[in-house]
Amino acid sequence: MSLPLYYFLAIAAIYILMSWSIYIPYRVGQLHFMTVANMAISAYFAALMAINFSWPFWLVLIAGTLLGALIGFLVSLAIGDAPCFAVVIVGFTFIYLTKTIIENVEAFGGPLGIFSIPKVMQTSSSNRVFLLITAYALVLLTGYLIKRFDRSRLGRAASAIFIDRDLAVSFGVDVKKMGMFLQSWASAVGGMSGVLYAFIMQSISPNHFTFHIVGICMTMLFVGGYSTIWGALLAAPILWGFPLILPEVLQSWNIVIYGVLLIVVLVIKPEGIITRPMIKKLESILLRKKKLV
Amino acid sequence: MKKLLTIMFVLLLTVSFAWAKGDQEVSDTESTGVVATEWEIPFLNCLTGPIASIGEYLQWGAEYAAEQINAAGGISGVPVKIVRVDTGMSPEKGTVEMSKLVADALVVMGPVPEPVIMAAVPIAVDEGLYSFTATTSFEYAAEYFPWAISWFSPTDEKLPPIVTAWAEKVEAKKVVQFVENYGAWPGMARAHVIGLEKAGVTVLEDVEVPTDAVSLGPLIVKALAQNPDAIVFSCNAEKVAKIIIELKNRGWEDMNKMLVFSSADDAALYTTGGDKINGVMIYNYNDPNLDTDRWNDFRQAFKDDHEGIEPFSLSPNYYDAVYMIKRAIEETGVTGDPKKLAEERILIRDFCNDVKNFEGLQYDWSNKGGYPADKPLFLFEIQGGEKVLIAKIIPE
Chain A
1 MSLPLYYFLA IAAIYILMSW SIYIPYRVGQ LHFMTVANMA ISAYFAALMA
51 INFSWPFWLV LIAGTLLGAL IGFLVSLAIG DAPCFAVVIV GFTFIYLTKT
101 IIENVEAFGG PLGIFSIPKV MQTSSSNRVF LLITAYALVL LTGYLIKRFD
151 RSRLGRAASA IFIDRDLAVS FGVDVKKMGM FLQSWASAVG GMSGVLYAFI
201 MQSISPNHFT FHIVGICMTM LFVGGYSTIW GALLAAPILW GFPLILPEVL
251 QSWNIVIYGV LLIVVLVIKP EGIITRPMIK KLESILLRKK KLV
Chain B
1 MKKLLTIMFV LLLTVSFAWA KGDQEVSDTE STGVVATEWE IPFLNCLTGP
51 IASIGEYLQW GAEYAAEQIN AAGGISGVPV KIVRVDTGMS PEKGTVEMSK
101 LVADALVVMG PVPEPVIMAA VPIAVDEGLY SFTATTSFEY AAEYFPWAIS
151 WFSPTDEKLP PIVTAWAEKV EAKKVVQFVE NYGAWPGMAR AHVIGLEKAG
201 VTVLEDVEVP TDAVSLGPLI VKALAQNPDA IVFSCNAEKV AKIIIELKNR
251 GWEDMNKMLV FSSADDAALY TTGGDKINGV MIYNYNDPNL DTDRWNDFRQ
301 AFKDDHEGIE PFSLSPNYYD AVYMIKRAIE ETGVTGDPKK LAEERILIRD
351 FCNDVKNFEG LQYDWSNKGG YPADKPLFLF EIQGGEKVLI AKIIPE
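Read top to bottom, the protein sequences are chains A and B. Numbered per this note's numbering, the first sequence spans residues 1 to 293. Numbered per this note's numbering, the second sequence spans residues 1 to 396.
Hints listed in this document are in silico derivations from the structure and should not be mistaken for laboratory results. Hints may be right or wrong, so weigh each one.
For lysine-lysine, the following DSBU-like pairs were computed, each having C-alpha atoms within a straight-line distance of at most 30 Å [unchecked claim]:
no., chain 1, residue 1, chain 2, residue 2
1, A, K177, A, K147
2, A, K119, B, K340
3, B, K100, A, K119
4, A, K291, A, K280
5, A, K119, B, K339
None of the values given here were measured: they were computed from a predicted structure.
Make the full structure from the sequences, and use the hints.
Here it is as structure tokens:
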């Protein structure tokens, strides 16, 4: 596989995971941007453990994911049932706090960052193949779990909260527990993405984890469609790859194009390009064809 | 008949003359063994995004050098082309763009700035491609030696002498420093402290300037509460200008007792500061008042293309980088033959890492192990938007 294709696919996998980490709590109407902070914390954790204590990749990956989940859980104790705007503010605050702490602690490399994160495999090519397979295995696993959740009773309860929180409460849905569960899960996905990011990029700095990730993942989720996992899955590679093929004269309009795209999609199709009814329709067509065969 | 013969004779002469000239061109490149028909040097730059204005003048410098070189016959008789590669300051985009270059590029200029360097240079190192990281501090480039070059010597070595010179000149006794936690700036602030201590100055507690600071008043109060008699600025150009204006409004009079670090020598300092920063001292790596034909030509061309604005501190860096690549190709006999790519990359790397007496735009310098040890630093006083030279320090 060519090197540019590898980096394109590897980073696309991270964007898919990060967009899903925003999708998960948005099932109950919460924009939980804290996952970007989780990404940074776990990336730094992974780098430090791998460099200083020679922890193997799998151990770092599991520990980084659990660390994300733990932080997400602790915070969710306070904001599990908070309204969307409060969750947004907490998320932004955490991103800012994390960045400031990392910049000011020498052990984390300060503003300079951390260099030379070791390879998982001996050679560069085998390392790339390994990381790519791992990244997409994790995308598949996460996608599968979200799909299972969406079709479960819990998923239906989350949909009820999204549509009408009071109505959901009257049906006996525990809004706080649901919010806590989804926030912790999203933070775990954020942490997992951070570990992958650190090993793929091989060096990290506080400037790698800023509000630009929130902007990109939000666009991916809302353009692709926020009511189903397929939206981010489709939009992430397209929107990430789009600036790479844009002619130089249009490069400076990149952000404007992103913004216009987001506005147009929100106006024309507020639920995004791929919606849940669209998926159901596709599924029923496929099912009918299968029956005919 | 006579007329026809004359025309035929002239035609014959023209054809043979053209043939001879073509032959000579072939023999020019043949004598150097050059296979390439054009030297394509990619420049991973930041042409869009938050620091696009800096990226523009870095690009300008590189392209101006290429223009001059081509006008003088190219590199080993072959024209050079700077290939614009925009990363938009995105580390992710930087990795993909760098990965596109590692298969064919002989050498790469950039990336710019630090987050992109950290993301993209490991790929180049892995694939044996030499990067001209000519705008970042030594500490970033050193991580990738010998596959990256630094334009600057270690921060702890190069900065203290100029700060000592300033402190002694203005007879500073108690100094407070405004520090912004961005990239190499805290490291530069620590180097300032070494210089201040060497001058016997009492260094007060740093005032940290948040990157997204809106209100600077509380920071100024915190600084003044320590009763300093001199101030060093290690933060963003616009913030430096705003803090100086605010200090002046609060009664600060001795403008010489304020020292601005090189990274703030940017347009925002002068446009925001205006006449209110007159008298403030600033240190830098280039002397805009240098009077040599080469510098004057560069300066004038820059002003012509930038509405009369003077070249900025980093403007010559990639201009010099292109000339260093030229010298490396010509002196090591690089041919541009794709079959010899790996070995010719190493030839360029080894030549540049230890280049001797390189004729830079402003001064000559030599490298040892990938960085220069003998580049001078200049101390200026700002007067009406111009920099008046006060001292020149050449490291020992």
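Structure-based check of all given hints:
Taking the CA atoms of K177(A) and K147(A), the gap is near 20 Å; set against the 30 Å cutoff, the hint holds. Distance check on the hinted pair: K119(A) and K340(B) sit about 28 Å apart at the alpha-carbon level, within 30 Å; holds. The hinted pair formed by K100(B) and K119(A) meets the criterion: a straight-line CA distance of about 21 Å does not exceed 30 Å. For the given pair, K291(A) sits about 16 Å from K280(A) by alpha-carbon distance, which is consistent with the 30 Å threshold.
As the CA atoms of K119(A) and K339(B) are separated by approximately 29 Å, the hinted pair is consistent with the 30 Å bound.
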